[in-house]
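Colleague: Each chain, letter by letter, is given below.
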Amino acid sequence: MKIEAQDVHVYYGQEHTLKGVSLSVKKNTVTALIGPSGCGKSTFLRCMNRMNDLIDNCKVSGNILIDGVDINSPSVNINELRKAVGMVFQKPNPFPKTIFENVAYGLRVNGVSNKEYINDKVEWSLKQAALWDEVKDKLKKSALALSGGQQQRLCIARALAVEPSILLMDEPASALDPISTSKIEELIYNLKASYTIMIVTHNMQQASRTSDKTAFFYMGELVEYDDTRTLFTNPKKERTQNYITGRFG
Amino acid sequence: MKRSEKIIEAFLLACSLLTVLTTVGIIAVLLFETVRFFEVVPIWNFLTDTEWSPSFSKDQQHFGIMPLLAGTFLTTFIAMAVAVPLGITIAVYLSEYASNRVRNIVKPILEILASIPTIVYGYFALAFVTPYIQQAFPSLELNNFNALAPGIIMGIMILPLVSSLSEDALHAVPRMLREGSYGMGATKFQTAFRVVIPAALSGIAVSIILALSRAVGETMIVAIAAGNKPTLTFNPLNQVQTATTYIVQTVNGDVANDSIEYKTIYAVGMSLFIITLLLNNISFWLKKRYQQVYK
Ligand SMILES: Nc1ncnc2c1ncn2[C@@H]1O[C@H](COP(=O)(O)OP(=O)(O)OP(=O)(O)O)[C@@H](O)[C@H]1O
Ligand SMILES: [Mg+2]
Numbered sequence: 132m133k134i135e136a137q138d139v140h141v142y143y144g145q146e147h148t149l150k151g152v153s154l155s156v157k158k159n160t161v162t163a164l165i166g167p168s169g170c171g172k173s174t175f176l177r178c179m180n181r182m183n184d185l186i187d188n189c190k191v192s193g194n195i196l197i198d199g200v201d202i203n204s205p206s207v208n209i210n211e212l213r214k215a216v217g218m219v220f221q222k223p224n225p226f227p228k229t230i231f232e233n234v235a236y237g238l239r240v241n242g243v244s245n246k247e248y249i250n251d252k253v254e255w256s257l258k259q260a261a262l263w264d265e266v267k268d269k270l271k272k273s274a275l276a277l278s279g280g281q282q283q284r285l286c287i288a289r290a291l292a293v294e295p296s297i298l299l300m301d302e303p304a305s306a307l308d309p310i311s312t313s314k315i316e317e318l319i320y321n322l323k324a325s326y327t328i329m330i331v332t333h334n335m336q337q338a339s340r341t342s343d344k345t346a347f348f349y350m351g352e353l354v355e356y357d358d359t360r361t362l363f364t365n366p367k368k369e370r371t372q373n374y375i376t377g378r379f380g
Numbered sequence: 684m685k686r687s688e689k690i691i692e693a694f695l696l697a698c699s700l701l702t703v704l705t706t707v708g709i710i711a712v713l714l715f716e717t718v719r720f721f722e723v724v725p726i727w728n729f730l731t732d733t734e735w736s737p738s739f740s741k742d743q744q745h746f747g748i749m750p751l752l753a754g755t756f757l758t759t760f761i762a763m764a765v766a767v768p769l770g771i772t773i774a775v776y777l778s779e780y781a782s783n784r785v786r787n788i789v790k791p792i793l794e795i796l797a798s799i800p801t802i803v804y805g806y807f808a809l810a811f812v813t814p815y816i817q818q819a820f821p822s823l824e825l826n827n828f829n830a831l832a833p834g835i836i837m838g839i840m841i842l843p844l845v846s847s848l849s850e851d852a853l854h855a856v857p858r859m860l861r862e863g864s865y866g867m868g869a870t871k872f873q874t875a876f877r878v879v880i881p882a883a884l885s886g887i888a889v890s891i892i893l894a895l896s897r898a899v900g901e902t903m904i905v906a907i908a909a910g911n912k913p914t915l916t917f918n919p920l921n922q923v924q925t926a927t928t929y930i931v932q933t934v935n936g937d938v939a940n941d942s943i944e945y946k947t948i949y950a951v952g953m954s955l956f957i958i959t960l961l962l963n964n965i966s967f968w969l970k971k972r973y974q975q976v977y978k
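For the record, the sequence lines run as chains A and B. So that you can map any letter, position 177 of the first sequence is 308 in our numbering, and since no number is skipped, the others follow by simple counting. So that you can map any letter, position 21 of the second sequence is 704 in our numbering, and since no number is skipped, the others follow by simple counting.
Be aware that one or more of the hints could be misleading.
[Said to hold, decoys possible] No more than 20 Å apart at the CA atoms, straight line, and that leaves these computed lysine to aspartate or glutamate pairs for EDC-like: (1) Lys323/A with Asp301/A; (2) Lys190/A with Glu862/B; (3) Lys190/A with Glu352/A; (4) Lys314/A with Glu265/A; (5) Lys228/A with Glu254/A; (6) Lys269/A with Asp251/A; (7) Lys222/A with Glu862/B; (8) Lys157/A with Glu294/A; (9) Lys258/A with Glu317/A; (10) Lys741/B with Asp941/B; (11) Lys228/A with Glu862/B; (12) Lys367/A with Asp343/A; (13) Lys741/B with Asp937/B; (14) Lys158/A with Asp201/A; (15) Lys871/B with Asp184/A; (16) Lys871/B with Asp187/A; (17) Lys871/B with Glu211/A; (18) Lys246/A with Glu294/A.
[What the hints assert, rightly or not] Restraint ranges, calculated between C-beta atoms of paired labels, are given here: (19) Lys246/A with Trp968/B: 32 to 42 Å; (20) Ser273/A with Ala797/B: 32 to 42 Å; (21) Leu961/B with Ser305/A: 39 to 49 Å; (22) Phe967/B with Met132/A: 52 to 62 Å; (23) Arg360/A with Phe967/B: 57 to 67 Å; (24) Lys271/A with Ala810/B: 37 to 47 Å.
[What the hints assert, rightly or not] Interface residues of chain A toward chain B, partial, derived using beta-carbon atoms under 7 Å: (25) Arg213; (26) Gly237; (27) Asn241; (28) Gly242.
I should point out that these hints are in silico values taken from the structure, not numbers from a laboratory. Note that CB positions come from ideal geometry on N, CA and C, so glycine has one too.
Work out the full structure: start from the sequences and follow the hints.
Modeller: Dropping the structure here:
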């Protein structure tokens with residue numbers, strides 16, 4: 132198993148947000164996290180790269196193993212962990228730098244200074260993110276001048292540049308138009324060969340199109356977790372059934 | 684109901700008109716007197732002569748603004764050298780490192796610095812800082828009046844302007860951007876200096892420019908501690924006279940109101956006005972040009 136979450140609880144202050152979630156993810160698969168707003172999808176995702184550490188009153192308990200190592204153990208270097216577990220956010224968040232520097236950022240902060248290596252890596256990452264052809268002539272231009280969809284693919288390229296093995300995507304297409312969205316979905320499909328992907332989405336079609344497995348969250352609990360096809364065609368729980376058919380949430 | 688609202692409206696209009704008229708009036712007088720001054724003293728002399736001695740007898744009078752601007756420039760430069768690095772460091776600390784508790788204690792304390800009367804600062808520079816430097820570094824042979832001490836103190840005075848406004852700018856950088864950086868394994872320090880500061884650069888620049896124009900216009904500190912001798916120098920150990928100090932001295936002195944010597948204050952005032960106006964415009968432009976990016 133690539134990722135193994137065991138009985139994960141999260142508290143924001145007094146609020147018990149995740150109530151004992153256990154879930155295992157195989158290598159080179161796409162797992163979709165679905166569920167109504169506020170059910171804890173983002174919270175769970177952010178446990179995987181310990182992004183919740185940044186939030187003052189947030190407490191996480193339970194075990195999260197990545198490649199068999201408990202990521203919350205004191206011996207784990209958090210910067211190394213975040214390098215290995217890339218993240219793409221709901222809204223594109225390019226840095227106020229050039230396109231090139233955005234992608235090179237992760238390499239630079241990790242101490243890479245070999246120019247040729249950086250050049251190659253930037254090109255490789257942009258190609259992986261299917262953005263190279265659109266930006267290869269304006270790498271020195273500000274990333275903020277790109278369209279929303281391009282910015283989001285830039286953020287994916289940026290995450291790929293440091294060679295993570297896991298990619299976390301929190302509603303990566305929710306701010307994008309249909310064409311950009313389908314580009315991102317195609318990308319997810321292609322990236323699966325090299326990465327293990329977890330994606331949060333509110334879009335049922337997107338979940339069923341892109342993922343191998345789907346996890347349905349409700350009020351901080353993992354209600355059902357199964358092969359995507361099974362979960363969407365033959366859910367075992369009534370809650371799941373109601374949600375995917377749009378009867379609530 | 685309608686009637687009372689009309690009265691209020693008229694009152695508000697009158698208030699704003701009054702402000703506008705006052706401003707226009709001040710500028711008009713300034714302009715008028717400056718033109719009269721330049722009818723006597725060629726503007727070219729004013730800008731290029733390296734001596735400033737309007738109070739001398741007619742054949743030795745010089746009207747070169749440069750020594751006064753040098754004084755202003757020197758004290759301002761020292762103040763900025765203190766306020767900018769210190770202010771930005773404090774801002775980064777408060778915004779990126781300090782806990783909410785620390786921030787809520789430190790920020791108001793810093794802002795107290797801005798509410799100390801400038802006369803107290805000036806006195807402090809003259810009576811404490813200069814003697815202290817003289818004692819600690821006798822080899823410098825620091826003049827009793829000098830640009831250094833008031834410059835440093837002025838830097839402390841404008842420090843909260845830089846730190847507070849810069850902190851606001853840093854704080855306004857979306858958390859998303861920081862998380863993007865952390866998400867790639869960047870450290871706190873790298874995130875602060877490579878992502879957050881660049882993203883807040885326009886706000887930081889605006890804070891610096893506002894501090895700059897405050898320093899250029901500062902009067903009391905330099906009037907007390909920097910001296911009264913117009914000197915074209917960039918040596919901070921010397922005494923200098925800033926443009927503002929000169930105006931204070933002349934207005935307070937017994938100079939005839941219709942003399943050319945008296946008119947100099949308008950020309951000098953106009954020069955200061957143009958400088959600060961330019962600075963304010965730059966900051967306004969920066970704000971407009973770069974602020975929208977992350978909305
Ligand atoms: N930083 C925070 N501080 C306090 N409470 C938080 C914080 N972030 C999330 N929460 C709470 O945790 C709960 C779960 O939030 P989370 O963002 O994980 O939901 P989500 O499933 O991702 O919802 P959405 O679909 O709207 O993104 C919510 O009730 C939210 O109020
Ligand atoms: Mg969410």
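Colleague: Hints numbered earlier in the text: which of these fail when held up against the supplied structure?
Modeller: 24, 28
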